[in-house]
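Colleague: The lines below spell out each chain.
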Amino acid sequence: MNRNFAAAASFAVLIVSVFIFSEPQIVKHSANLVPVEDDVRLPEPASYAITASPSAASTTKGPLGTVDTQSGALQTAPPKVESLVKFNWLAKKTLAGLPTTVALRKLPPEEFHETPRLIRQAGKELGAIAQWLEDEPSLKPAGALFYQACFQREDIASSVRALCLSNHRALREAAGDPEGWSEEENKVHAEVKRLAAFLLRR
Amino acid sequence: MNRRTRAWTQATASAVIALAAIMGTGLFASSALGASLEAVRSGKAPPLEFSSDVPKIQRSLLLSDLEFFKRLPLKTVGTDFNKLMDLKGPVRNDTLLDWLHERVRHVITPDFKLTVENSELIERNHSFQNQDIGPAKAFFNRAQVAETTMISRMSNFGVAMYMIWKKQRNLWKFHIEGFSEDLVVDTPRIGIVEIGPGMFRPEDRAKALSFTERVLRLKTLFHEARHSDGNGATLAFQHDFCPRNHPYEGEPACDYNLNGPYAVSAAVLKSVAGGCFQCTRAEKEELLLAAADSQSRVIEQVVTLTESDRKALDALEAAKASESELAAFRKEARARGQVQRFGYVDSRPEGAR
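As they're listed, the protein sequences go chains A and B.
When we follow the numbering used here, the leftmost residue of the first sequence carries the number 1, and every step to the right adds one.
When we follow the numbering used here, the leftmost residue of the second sequence carries the number 203, and every step to the right adds one.
Rather than coming from a laboratory, the hints here were simulated on the basis of the structure.
Any given hint might turn out to be false.
[Claimed, not checked] Footprint (simulated), chain B over chain A, 3 or more residues, beta carbon under 8 Å:
1. 81 to 89
2. 95 to 105
3. 109 to 123
4. 130 to 140
[Said to hold, decoys possible] The calculated label-pair distances, taken between Cβ atoms and stated as ranges, are:
5. A/P178 / B/R446: 33 to 39 Å
6. B/D296 / A/E183: 27 to 33 Å
7. A/P178 / B/A408: 19 to 25 Å
8. B/R403 / A/V102: 23 to 29 Å
9. B/E325 / A/T100: 38 to 44 Å
10. B/K277 / A/K80: 31 to 37 Å
Model, not experiment: these values are computed from the prediction.
All residues carry an ideal CB built from backbone N, CA and C; glycine is no exception.
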C-alpha cells in the first residue's frame with residue numbers, strides 16, 4: 001500500500017515537473033505575433049547588409065554568415081521573411097521595454113539589495129531574443145542590429161547595455177570581424193565597456 | 203540540442219531534483235548530527251541547519267539547491283576565484299561548497315526573536331579582536347537604518363549580532379530550537395542567515411524549481427556568505443552607498459572593493475552561465491544580466507570632481523542642459539578630478555576558530 005502510494009507520489013511529482021519545465025518552451029515566441037506601433041527604431045543595416053548571393057571573389061566564412069572582406073558587409077543565407085518580421089517586431093518591443101536608469105532609481109528600497117525584478121524581467125526578454133538567434137542563425141544580422149540599438153541607447157541601464165554590447169561583439173567576432181572593440185562599440189561609456197568586458201572574460 | 207530534446211532533458215532533470223529534494227529532506231530531518239565540515243563532506247550531516255519554524259518546503263528547496271550545485275558544470279576561466287574568495291586549492295563545486303559551509307551553516311526565519319530564554323550573556327566587557335576598530339561609524343549607522351527598511355531575500359543575522367555585541371563588549375551565546383548546538387557569537391563566521399520575505403515569494407512558487415531560480419537562490423547564499431568575513435574596517439563586508447550617476451545612486455547597494463559580496467555574486471553567476479551546457483541560451487542570458495547587475499555594484503574607481511567643477515555641473519543640471527552637454531562636461535571634469543581606485547581588501551575573519 002505504502003509502496004504504491006510512494007510510486008504514485010513520485011509519478012505525480014514527475015508530471016508536475018514536466019509541466020513546469022515545459023511551459024516556457026511551449027509559449028516561446030508565441031506571444032509576439034501581434035504588430036506593435038511605437039517610435040522605437042532599429043539602426044539602418046549599414047555594416048550588416050544581408051545578401052542572398054555572396055560574391056565569391058572577396059569573402060570569408062564565419063559562423064554568422066559570409067563576410068565581404070572589402071565592404072565589411074555580412075552575407076548570410078537570408079532568413080525567412082515571416083521570421084524576420086516576427087523577430088523585428090519582438091526586437092522593437094523588447095527595446096522599448098528595457099529598463100532605464102531613471103526607472104531603476106524609482107524602485108522601492110526593498111528592490112535594491114538583490115537583482116531587481118525589472119532587471120530580471122529584462123533578462124527574460126533578452127533571453128528570448130538570444131534563444132531565437134541561436135535557434136535561427138539566419139537572423140543573427142538582425143540580432144546584431146538589435147544589440148547595437150540597445151548598447152547605444154544612453155537611457156538604458158548600464159548592465160543591460162553591457163549585455164547587449166558583449167553579445168554584439170561576440171556576434172561580430174564570430175562572423176570573422178577583428179577581435180576587440182569596433183569603432184561603434186568603443187564609443188560607449190567606459191562603465192558599459194567595463195561590464196561588457198567582465199561578461200566577455202570567459 | 204533542439205528545443206524539444208532540451209525541454210525533455212530539463213523536465214527529467216527537474217523531476218529527479220524534485221524527488222531528491224523530498225527524499226533528501228526526510229533524510230536530513232532525521233539527522234541530529236553536528237555540522238562540521240568533515241561531517242558535511244562525508245554526508246553524515248546536512249550542509250545547513252534550520253530553526254524549527256523554517257517551513258519544510260523552504261528547507262527542502264535550499265538543501266536541494268546545494269545538491270544541485272554539486273552537479274552544476276562551472277566555467278571558472280576568466281575569474282580569479284582564488285584571489286576573489288581566498289580559495290587555496292583548486293576551484294571546483296565541492297571546494298566552493300566548502301567555502302560556503304564555512305560561512306553559512308544555520309538558517310532562521312524573520313520571526314526569530316532573542317529572548318532571555320534563548321540567549322545567555324557569557325561575559326561582560328569581553329575584549330573582541332579589533333575591539334576598537336570597525337567599519338566607518340557614519341556608514342555603520344546609516345546602514346543600520348537602511349537595513350530596517352529593506353525586504354531582502356536573505357540577510358546575515360549572525361554577523362549583525364556579532365557587530366552589535368562587539369560594540370557593546372558583551373559575549374553572548376544563544377540556543378535556537380532546531381540547531382544541534384548552542385552558538386557563541388565570538389566571530390562574524392557564526393554563519394546564521396535569515397530568510398527574507400523576498401526569498402520565497404508566493405508568486406514565484408510555480409517556478410521555484412527552475413534552473414534560474416535555483417541559481418539565483420544559490421547566488422544569494424554565496425553573497426551572504428561573504429558578509430561572514432572581514433576584520434576591523436572590513437568587518438562584514440558591509441555595503442556602501444552607490445556613487446553619483448550610478449543606477450542605484452545613494453542606495454546602500456555597492457561595494458568599494460573587488461572581493462566583496464557583489465563581486466562574489468557576479469563571479470558565481472557568470473561561472474554557472476558559462477559552464478552550463480544543459481540550460482537554454484535564454485536561461486544563460488538571464489544569469490549573465492544578473493551577473494552584470496552584480497558587477498555594476500562593484501565599484502573599481504571613483505573620481506572626485508574639483509569643487510568648482512562640482513558647482514558648475516550642479517548649475518548645468520539645474521539649468522536642464524542637454525544630455526550631450528552634460529556628458530561632455532563630465533568627461534572634461536573627470537579628467538581634472540582626483541581618481542581613487544579600489545582593490546582587494548583584507549577578508550580574514552575576526553576571532554575565527
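Colleague: Count the residues of the region 95 to 105 of chain A whose CB lies closer than 8 Å to any CB of chain B, then report whether that count reaches three.
Modeller: holds (count 3)
Colleague: Please count how many residues of the region 109 to 123 of chain A have a CB within 8 Å of a CB from chain B and say whether that reaches 3.
Modeller: Since 11 is at least three, the answer is holds.
Colleague: Given a hinted range of 23 to 29 Å, is it respected by the beta-carbon distance of B/R403 and A/V102?
Modeller: Holds, at about 25 Å.
Colleague: With 38 to 44 Å as the target window, see if B/E325 and A/T100 comply at their CB atoms.
Modeller: At roughly 53 Å between Cβ atoms, A/T100 and B/E325 fall outside 38 to 44 Å, so the hint is violated.
Colleague: Are at least 3 residues of the region 130 to 140 of chain A within less than 8 Å of chain B when you compare beta carbons?
Modeller: With 5 residues in contact (Cβ-Cβ under 8 Å with chain B), the coverage given for the region 130 to 140 of chain A holds.
Colleague: Between B/K277 and A/K80, does the C-beta distance stay in 31 to 37 Å?
Modeller: 34 Å, holds
Colleague: Does the Cβ-Cβ separation between A/P178 and B/A408 fall within 19 to 25 Å?
Modeller: Between A/P178 and B/A408, where Cβ atoms are some 46 Å apart, the hint is violated.
Colleague: Given a hinted range of 33 to 39 Å, is it respected by the beta-carbon distance of A/P178 and B/R446?
Modeller: 36 Å, holds
Colleague: Indicate whether the distance between the beta carbons of B/D296 and A/E183 respects the range 27 to 33 Å.
Modeller: 46 Å, violated
Colleague: Closer than 8 Å Cβ to Cβ for three or more residues is the test here. Does the region 81 to 89 of chain A pass it with chain B?
Modeller: It is violated: at least three residues are needed, and the region 81 to 89 of chain A offers just 0 whose Cβ sits closer than 8 Å to chain B.
Comparing the model with each numbered hint stated earlier shows that hints 1, 6, 7 and 9 do not hold.
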